[in-house]
Amino acid sequence: MEAIELLEKKLQREIAARQEAERILEEKSLELYQNNQKLEQLNGELESDLIHLFENAVFGIALTSNGDIKTVNSKFGEMMGYAVEELKALTIKDLTYKEDVSKSYQLTNALIAQQVDQFELRKRYRRKDGSLFWAKTKVSPVLNQDGSTRYHLAIIEDIQFLVEAEEKQATLIQTLQSQNKELDAFAQVVSHDLKSPLRAVNTLVGWLKEDHAEAFKGEALEHLQEIESRIGKAFSLIDGILEYAQVGTENTETEVDTKALVKYVSEMIDVPQQFQLSLEGDFPVLKIARSQLQHIFQNLLTNGVKYNDKDVVKILVKSWETSSHYLFSVQDNGIGIPAKYFDKIFTMFSTLNEQTKGTGVGLAIVKKICEHYGGTIIVDSKEGQGTTFTFSLNKQHTKL
Amino acid sequence: MDKKTILFVDDDFLEHKKFERALKKSDNPELSIESFNDGSEALKWLESNKHAPPQLIILDLNMPLMNGLELLELVKQDHYLKRIPVVILTTSKNPKDIEQAHLLQAAGYIVKPNSNVQYQDTIQLITQYWMTSQSVA
Chain A
83 MEAIELLEKK LQREIAARQE AERILEEKSL ELYQNNQKLE QLNGELESDL
133 IHLFENAVFG IALTSNGDIK TVNSKFGEMM GYAVEELKAL TIKDLTYKED
183 VSKSYQLTNA LIAQQVDQFE LRKRYRRKDG SLFWAKTKVS PVLNQDGSTR
233 YHLAIIEDIQ FLVEAEEKQA TLIQTLQSQN KELDAFAQVV SHDLKSPLRA
283 VNTLVGWLKE DHAEAFKGEA LEHLQEIESR IGKAFSLIDG ILEYAQVGTE
333 NTETEVDTKA LVKYVSEMID VPQQFQLSLE GDFPVLKIAR SQLQHIFQNL
383 LTNGVKYNDK DVVKILVKSW ETSSHYLFSV QDNGIGIPAK YFDKIFTMFS
433 TLNEQTKGTG VGLAIVKKIC EHYGGTIIVD SKEGQGTTFT FSLNKQHTKL
Chain B
7 MDKKTILFVD DDFLEHKKFE RALKKSDNPE LSIESFNDGS EALKWLESNK
57 HAPPQLIILD LNMPLMNGLE LLELVKQDHY LKRIPVVILT TSKNPKDIEQ
107 AHLLQAAGYI VKPNSNVQYQ DTIQLITQYW MTSQSVA
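First to last, the sequence lines map onto chains A and B.
If you count the first sequence from 1, you need to add 82 to reach the working numbering.
If you count the second sequence from 1, you need to add 6 to reach the working numbering.
Calculated directly from the structure, the hints in this document are not laboratory data.
Just to be clear, a hint being listed does not mean it is correct.
Unchecked claim - Mimicking EDC-like on lysine to aspartate or glutamate, the simulated pairs with C-alpha atoms at most 16 Å apart in a straight line are:
{"no.": "1", "chain 1": "B", "residue 1": "Lys30", "chain 2": "A", "residue 2": "Asp293"}
{"no.": "2", "chain 1": "A", "residue 1": "Lys477", "chain 2": "A", "residue 2": "Glu301"}
{"no.": "3", "chain 1": "B", "residue 1": "Lys102", "chain 2": "A", "residue 2": "Glu246"}
{"no.": "4", "chain 1": "A", "residue 1": "Lys369", "chain 2": "A", "residue 2": "Asp425"}
{"no.": "5", "chain 1": "B", "residue 1": "Lys23", "chain 2": "A", "residue 2": "Glu292"}
{"no.": "6", "chain 1": "A", "residue 1": "Lys291", "chain 2": "A", "residue 2": "Glu301"}
{"no.": "7", "chain 1": "A", "residue 1": "Lys277", "chain 2": "B", "residue 2": "Asp18"}
{"no.": "8", "chain 1": "B", "residue 1": "Lys102", "chain 2": "A", "residue 2": "Asp364"}
{"no.": "9", "chain 1": "A", "residue 1": "Lys388", "chain 2": "A", "residue 2": "Glu465"}
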């Protein structure tokens, strides 16, 4: 009897345990089911997000496997002039311009062999109507969980406009370069051919003076000297034009210590006995064609000395900088320039005084050099008191 | 002592005359001048006078048939002629000409001075220097 009771109790306990287990199982199953529902919903949302992204992308997108097209977005269809369904029956090779197939192949093979993680190339695609366009294609693999490649994801951007613009720019640069070359050659030839007859006239006048000193006296001699002086002016003009034409064609830009250069120039030019040069400010070291900067200072300093009626000729050269430019000023105590000529002095062939030795090219060259280095030049002057030239050079063009 | 020869090549006959006048003033009786209008004539003369080469060649650049740089290149390629110093005397200040002349082993590059007096001085300086210098026997 006791044994039966014990067995019954054990059975009841087991039944209870089993019922509890079933209850838990049911509960967990429900939970699992609900979680699964949530996951599916999430997945669905994610998928619709992805599809949205895929369909509305501004780039063409293609999923491929071994060169076969699995699916594409409508943008790519639009780019290629095919319906999406038509594209799914084609291969990448069918869409690639034949000259670009091999480089596309090479890169894809490297990707398959896992030599590269991804690649980007510029190639031409062929539309359904046979027309071509340039596109930038970026290809990367989409992996399965085990690391094998599920498919290749290609993102295609139409860059036809960019390529056309680049080509146009390259042609323009080439044309410009050849025109510059022609212009340079032209300037050289003109200069030589103009100088030769001048030299001859100059030589002959010299011989007349030498060989017939008796015949040329007084006014006749003065006339010969006048011829020589005009020829001298013509020589400087030709040299000036040639120099003007050459601004910017010299490519040898070196480090130039501007303070040392100003001192060097002041020692080079003809100065009167009473001459004071002072320098003020921080003079930078620039990356510039030395001869060009020298030309600027030589011209401005010479002007300051040449057009000067004071007993003591004073020239002050200052240097300072702004965030974008280096600035220099050359100030003299000379005769000054009337305000109405401030613009005129920088134009070709203008000298204010016909009697002076100036050719009217010097300041035009100075201005052209400043402009070549992204700067400019201005003048300020008071008659009888002096003149200040201020010029700037863009840091982007001249910074070390 | 044998007369020393200067070969003068320039397409302008007035330049020949000018050079001769400048030399005459320096009063150097042992000097003789051979003048040519063009590089190819000068080369012909050089090739037939290898036994008595000039002491110095003075060469213009801009000439119609064979220009100065072309002649210079040919002279420097020749086993015998390459020992003769060649001084360029030209109106060209073109940096490319200057560089090219030096690359082709010119002994000097002189831009013809515009002023007659300076020309005279320059010619005397060049000839004095090269007539003093010992040439290859």
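Verification of the hints:
no.: 1; hint: B:Lys30 / A:Asp293; verdict: holds (14 Å)
no.: 2; hint: A:Lys477 / A:Glu301; verdict: violated (56 Å)
no.: 3; hint: B:Lys102 / A:Glu246; verdict: violated (36 Å)
no.: 4; hint: A:Lys369 / A:Asp425; verdict: violated (29 Å)
no.: 5; hint: B:Lys23 / A:Glu292; verdict: holds (14 Å)
no.: 6; hint: A:Lys291 / A:Glu301; verdict: holds (13 Å)
no.: 7; hint: A:Lys277 / B:Asp18; verdict: holds (12 Å)
no.: 8; hint: B:Lys102 / A:Asp364; verdict: violated (36 Å)
no.: 9; hint: A:Lys388 / A:Glu465; verdict: holds (15 Å)
Consistency note: the structure conflicts with the earlier hints numbered 2, 3, 4 and 8.
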